[in-house]
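A.B. asks: Take a look at the letters that make up each chain.
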Amino acid sequence: MNNIIDVLESVLAKYALVTGFVVIGVTIWVSYVLSDRLTKGRLHGSAIAIFIGLVLAYCGGIATGGSKGISDIKALAGVGIMGGAMLRDLAIVATAFGVRMDEFRKTGLSGILSLFAGVIISFIVGATIAYAFGYRDAVSITTIGGGAATFMVGPVTGSAIGASSEVIALSVATGLVKSILVMTLTPFLAKYIGLDNPRSALIFGGLMGTNSGVAGGLAATDPKLVPYGAMTATFYTGLGCLLGPSVIFIAIRALF
Amino acid sequence: MKGKPIHYMAIYGTALLSLCLLIGIFVGKLLGILIGVNTNVGGVGIAMILLIFLSERLQKSGRLEPPSERGIIFWSAIYIPIVVAMAASQNVLAAIKGGPLALVAGTASVLVCFALVPLISRIGETSSTPDSEL
Chain A
1 MNNIIDVLES VLAKYALVTG FVVIGVTIWV SYVLSDRLTK GRLHGSAIAI
51 FIGLVLAYCG GIATGGSKGI SDIKALAGVG IMGGAMLRDL AIVATAFGVR
101 MDEFRKTGLS GILSLFAGVI ISFIVGATIA YAFGYRDAVS ITTIGGGAAT
151 FMVGPVTGSA IGASSEVIAL SVATGLVKSI LVMTLTPFLA KYIGLDNPRS
201 ALIFGGLMGT NSGVAGGLAA TDPKLVPYGA MTATFYTGLG CLLGPSVIFI
251 AIRALF
Chain B
1 MKGKPIHYMA IYGTALLSLC LLIGIFVGKL LGILIGVNTN VGGVGIAMIL
51 LIFLSERLQK SGRLEPPSER GIIFWSAIYI PIVVAMAASQ NVLAAIKGGP
101 LALVAGTASV LVCFALVPLI SRIGETSSTP DSEL
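As you go down the protein sequences, you meet chains A and B in turn.
First residue of the first sequence: 1, per my numbering; consecutive thereafter.
First residue of the second sequence: 1, per my numbering; consecutive thereafter.
It should be emphasised that the hints constitute simulated quantities derived from the structure, not laboratory data.
Just so you know, not all the hints are guaranteed correct.
In the DSSO-like style, the derived pairs of lysine-lysine whose C-alpha atoms are separated by at most 27 Å in a straight line are [to be verified]:
1. A:K40 / A:K191
2. A:K191 / A:K106
3. B:K4 / B:K60
4. A:K40 / A:K224
5. A:K74 / B:K97
6. A:K224 / A:K191
7. A:K14 / A:K74
8. B:K60 / A:K224
9. A:K106 / A:K224
10. A:K14 / A:K68
11. B:K60 / A:K106
12. B:K97 / A:K68
13. A:K68 / B:K29
From a predicted model like this one, the values you see are computed outputs, not experimental measurements.
Produce the entire structure from the sequences given, and follow the hints as far as they go.
C.D. replies: Below is the structure:
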């Protein structure tokens, strides 16, 4: 009997990506059944699927102690390949197919404005909270502020200005909280913030900036909006990494 | 369509899509090095613009035909499942274990940014109205 389980595990691990397709296919199917039966379709199936994904990631983290959610379980490593940066970026770019160039041009200015506003305001909010929690040195405050931008901006900023590894870990955690909240809250808050057209989706992507959060949040709200939000969000981390250790750090250091 | 490999023309679309992504990421990395941040800046965005531009061109000249387009449409259709897989591979445990500071800072920045979406939408609208009236 043990032998059969070993063989099964080795097959699943060897055909990792194929296993991933099955696991995610079943997850999506279950989500749409739940959406139909429990919420009569009011809560979008994709929102439920993303939530189940996050719960699975939590369980995976508990089970293995690793950092890659469910895909740290050997037989399920393919979920990580399927949801990794390579295929994710390929699929995001594919969503732009059929979008017209003019729609991007029309929102050019507010897109750029939202990017700068998003980065700077996230830094300010993160820095304020860090201050409220008792941090008084500019390096830690800036690094945690970076985490409130994205979980990439935090560590990039932190290592550039010499933050302690504890503070860097905290900034990564802050960024993760942000990305998960954007994924789960967006479908619920969309109608209150007028997130139902390409313009506001572009602005949304620029303000939020977290690639995974924006990708998941918009997918669960209205898949047609994905290319617009993803377009601006993709510039956010770069801008944050540029401003964080330079202009923003200097500004914060002047204050403390 | 005579003489064309209709059954496997989907690869043309997928190849075009992949090429756009590779160029985009490459340019994004160069851009990152140029401005001195060690990360790719806007690679996906550049790839998207490239795909929109090239596919519009190729469609107009009749060189991107529906059988080839299927190779792009499949990846766009598999997008949400990929996002679910991405969600399942996040470090959710670390986010929760980050403690109250991480939770408060993350939540606050999300809520403030949500509140700003309608605000910036309005600013952009007023400045773009004259353009659309021209």
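A.B. asks: The structure should be examined with respect to each hint, and the outcome stated for every one.
C.D. replies: Cross-check of the supplied hints:
Between A:K40 and A:K191, the direct Cα distance comes to roughly 19 Å. Compliance with the 27 Å bound is thereby established for this hinted pair. Taking the CA atoms of A:K191 and A:K106, the gap is near 22 Å; set against the 27 Å cutoff, the hint holds. Of the pairs offered as hints, the one joining B:K4 and B:K60 holds, with about 19 Å between alpha carbons and a cut-off of 27 Å not exceeded. For a cut-off of 27 Å, the pair hint linking A:K40 to A:K224 stands: about 22 Å separates their Cα positions.
Pair hint A:K74 plus B:K97 holds up; C-alpha atoms about 23 Å apart against a cutoff of 27 Å. With a CA separation close to 15 Å, the supplied pair A:K224 and A:K191 stays within the 27 Å bound. Only pairs whose Cα atoms come within 27 Å are accepted, and A:K14 paired with A:K74 is accepted, the gap being roughly 10 Å. A threshold of 27 Å between alpha carbons decides the hint, and for B:K60 with A:K224 the separation of about 23 Å falls inside it, so the pair holds.
A distance of roughly 17 Å separates the Cα atoms of A:K106 and A:K224; the hinted pair therefore holds under the 27 Å criterion. Straight-line distance between C-alpha atoms of A:K14 and A:K68 comes to about 18 Å, which keeps the hinted pair within the 27 Å bound. Using a Cα cut-off of 27 Å, the hinted pair B:K60 and A:K106 holds, with the two alpha carbons roughly 22 Å apart. With a CA separation close to 15 Å, the supplied pair B:K97 and A:K68 stays within the 27 Å bound.
Only pairs whose Cα atoms come within 27 Å are accepted, and A:K68 paired with B:K29 is accepted, the gap being roughly 24 Å.
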